[in-house]
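Make the full structure from the sequences, and use the hints.
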Amino acid sequence: MPLLKNNAFITDSWLHLGAEDALPEGGNVTIPFSRLKNEWESLAKFPGQLGAVLSNTDHAEDVAHFLPHLALVVLPFPAFVDGRAYSIARQIRLLGYRGELRATGNILPDQFQYMTQVGFSSFEVSERFPLQSWQQASKQMSLAYQRGLYRRVGEAEVWSERHADTAPEPTPWEEQPHAG
Amino acid sequence: MYRYDEFDHQFVQERTAQFRDQANRRLSGALTEDEFRPLRLMNGLYLQLHAYMLRVAIPYGTLSSKQMRQLAYIADKWDRGYGHFTTRQNIQYNWIKLEDTADILAALAEVEMHAIQTSGNCIRNVTTDHWAGAAADEIADPRPVGELLRQWSSLHPEFSYLPRKFKIAVTGAPNDRAAVKVHDIGLRLHRNDAGAIGWEVMVGGGQGRTPMIAVTVRDFLPERELVAYIEAIMRVYNLYGRRDNKFKARIKILVHEIGAEKFKAEVEAEYARRPEQTTHVEEKELQRIAAYFAPPAFEKLSRFSPAFEEAKLLHPGFARWARNNLAAHRVDGYTIVNISLKPEGGIPGDATSDQMRLMAELAERYSHDELRVSHPQNIILPHVKKDDALAIWQALVPAELATANYGLAGDIIACPGMDYCSLATARSIPISQAISRKFADLDVQEKIGPVKINISGCINACGHHHVGHIGILGLDKKGEEFYQITLGGSSAENASIGSILGPGFAGHEVADAIEKILTTYVKLRQPGEEFLYAYRRLGPQPFKEALYAAA
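Residue numbers (the numbering used here), protein chains in the order written: chain A, 53 to 232; chain B, 9 to 559.
Errors might be hidden in some of the hints.
Claimed, not checked - Distance condition first, Cα-Cα at most 35 Å in a straight line; then the derived DSBU-like pairs of lysine-lysine:
| hint | chain 1 | residue 1 | chain 2 | residue 2 |
| --- | --- | --- | --- | --- |
| 1 | A | Lys191 | B | Lys105 |
| 2 | B | Lys485 | B | Lys446 |
| 3 | B | Lys74 | B | Lys308 |
| 4 | B | Lys308 | A | Lys191 |
Treat the hints as calculated values from the structure; they're not laboratory data. Quantities reported herein were computed from a predicted structural model and do not represent experimental measurements.
Here is the structure:
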């Protein structure tokens with residue numbers, strides 16, 4: 053499965069462990085969240101970078117405690133019409149998480165921009181769609197009425213623009229530290 | 009009225025281009041129907057029994073004459089010369105081609121309209137009191153909040169794939185004409201003892217197969233906090249609303265299953281976690297929007313209009329129409345004109361393109377260029393001088409728009425039913441037509457007085473049968489249509505769910521049954537007692553006896 057990040061396909065540098073898989077010596081590994089919680093005492097000493105694989109029924113407040121120690125959070129969309137991960141992503145970003153936030157599962161170009169707006173920064177996508185589909189999909193709408201979304205260069209929040217004298221200067225997404 | 013600025017224009021244009029691309033990808037096969045379905049639904053496009061149906065948003069039911077004319081143009085150019093006004097203040101076209109849809113959306117964008125989120129599992133068109141800004145009983149015009157929420161909910165990235173559809177209604181008056189207690193979120197403006205205004209926030213009302221009255225989660229929310237607070241409600245629903253069964257996916261089921269107190273606690277916890285952000289922008293935006301809804305330049309008139317009084321004496325037909333179809337305006341010398349889209353034997357809510365153009369012309373000439381679509385599927389001219397009422401009536405009569413049955417037995421709410429809808433289990437329109445023919449005599453309707461008869465063609469309750477004073481639900485019993493009657497429902501401030509009276513009826517028996525119910529009521533009522541209150545006093549027994557005793 054291609055990994056899409058910053059509008060390019062890249063190689064996944066992470067090793068994704070299951071519930072039983074042995075830990076490697078180091079490097080970047082993701083752990084299912086239930087295992088991460090149970091084995092945190094030993095995992096906290098892992099010399100490489102850690103990531104957590106959540107399900108879309110996990111609660112952001114349960115994850116909050118671990119977030120400062122994570123470099124990757126993976127959130128699934130079991131079906132593209134199952135929108136729970138949008139809210140979990142938003143909560144995790146509101147909790148101050150600045151690392152990579154990855155969407156997996158049934159990821160389609162027509163929901164891609166929404167995912168970036170709530171804070172997803174990488175995407176495990178199907179081979180069915182060429183890079184060009186994603187690049188087009190990423191800029192379907194240049195305006196959003198909501199405030200506090202993640203924005204790319206060329207995207208604007210209507211209310212903040214209308215009341216620029218009141219709102220703080222918007223910071224484009226790519227200039228933010230979590231863009232990775 | 010609200011007017012688009014450069015951002016709003018750009019937004020709907022980009023949205024139209026996006027849909028054109030999506031439709032082309034569907035037509036070429038690049039998108040599967042499963043992938044395309046939610047995308048087209050969020051642009052108002054349904055696949056019905058015979059064709060695509062396009063539902064166009066009329067935010068909070070307010071239209072200019074230019075917009076109404078464009079709706080007529082669309083009906084002529086891309087449909088069959090008519091449209092159907094809905095209970096959520098929208099209009100539907102029943103005979104649309106997928107290939108034409110992007111062009112229709114472009115035609116809508118020209119007049120500052122769209123079909124965004126008139127369907128799909130997202131936040132739908134926000135509805136309000138159809139007399140907003142005109143009603144004598146109003147505390148404040150609810151439409152600025154309606155527009156604020158329209159913008160905030162449009163293409164909300166977090167809330168576009170909810171467990172199920174989500175409907176918000178807003179009222180600024182104590183007499184609730186927006187049915188806020190049977191919406192997913194209902195907002196009611198009221199004053200506290202200090203005279204300040206705030207919003208009661210109600211959650212979890214709804215109809216469908218599990219009708220429920222909303223519970224209050226905040227009694228007095230400051231207006232500037234509305235967006236952030238509703239965002240917290242939506243997040244709780246998006247995270248915890250059921251997704252395993254679409255019939256249990258509405259927010260009312262979540263509120264019911266976890267309980268109102270627990271739900272409230274979840275919302276408050278989520279609201280407390282909102283990022284440290286000020287509400288200055290929301291306040292300024294609300295001020296900007298409110299300026300568009302400033303009252304029109306009313307003339308200083310006497311409350312008493314000699315021309316109006318004289319016309320009533322000269323034209324008995326006009327006098328009857330004036331008695332039933334005009335409502336009290338907040339400004340002296342003005343009135344609210346309710347144009348009935350329920351002629352005898354007609355299809356509730358339908359209007360031809362010629363009728364739309366006539367109503368547009370009358371609005372332009374007599375009603376400060378404004379029209380409203382009402383929740384009970386009629387059209388309203390909100391700001392009319394009493395002096396002009398006769399001229400309006402005279403123009404409406406030849407167009408079959410002057411039926412004097414507003415709020416009476418002939419003013420029936422009905423869903424499209426099995427004549428159009430792929431979900432329906434029975435027809436609604438012929439039942440409605442039969443009842444309206446049965447009560448064709450307006451003397452009889454006036455004698456009966458205010459009564460709401462609502463008809464749904466299936467359990468999904470689009471015809472609001474649960475909250476009709478008299479509700480009729482069409483079902484299928486072994487291939488035969490039959491109809492259940494409920495009594496005692498209300499969608500107003502005294503909201504209640506109707507109770508099933510007894511065994512159902514065949515289609516041809518329904519109008520007679522309704523007549524028996526209303527005859528019984530007339531016999532038993534106390535002076536001035538409306539049907540709903542008589543039923544609440546009497547209970548179902550006398551009506552049961554009237555309907556079933558003979559059998």
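Hint by hint, here is what the structure shows:
no. : hint                : in the structure
1   : A:Lys191 - B:Lys105 : holds (28 Å)
2   : B:Lys485 - B:Lys446 : holds (25 Å)
3   : B:Lys74 - B:Lys308  : holds (27 Å)
4   : B:Lys308 - A:Lys191 : violated (52 Å)
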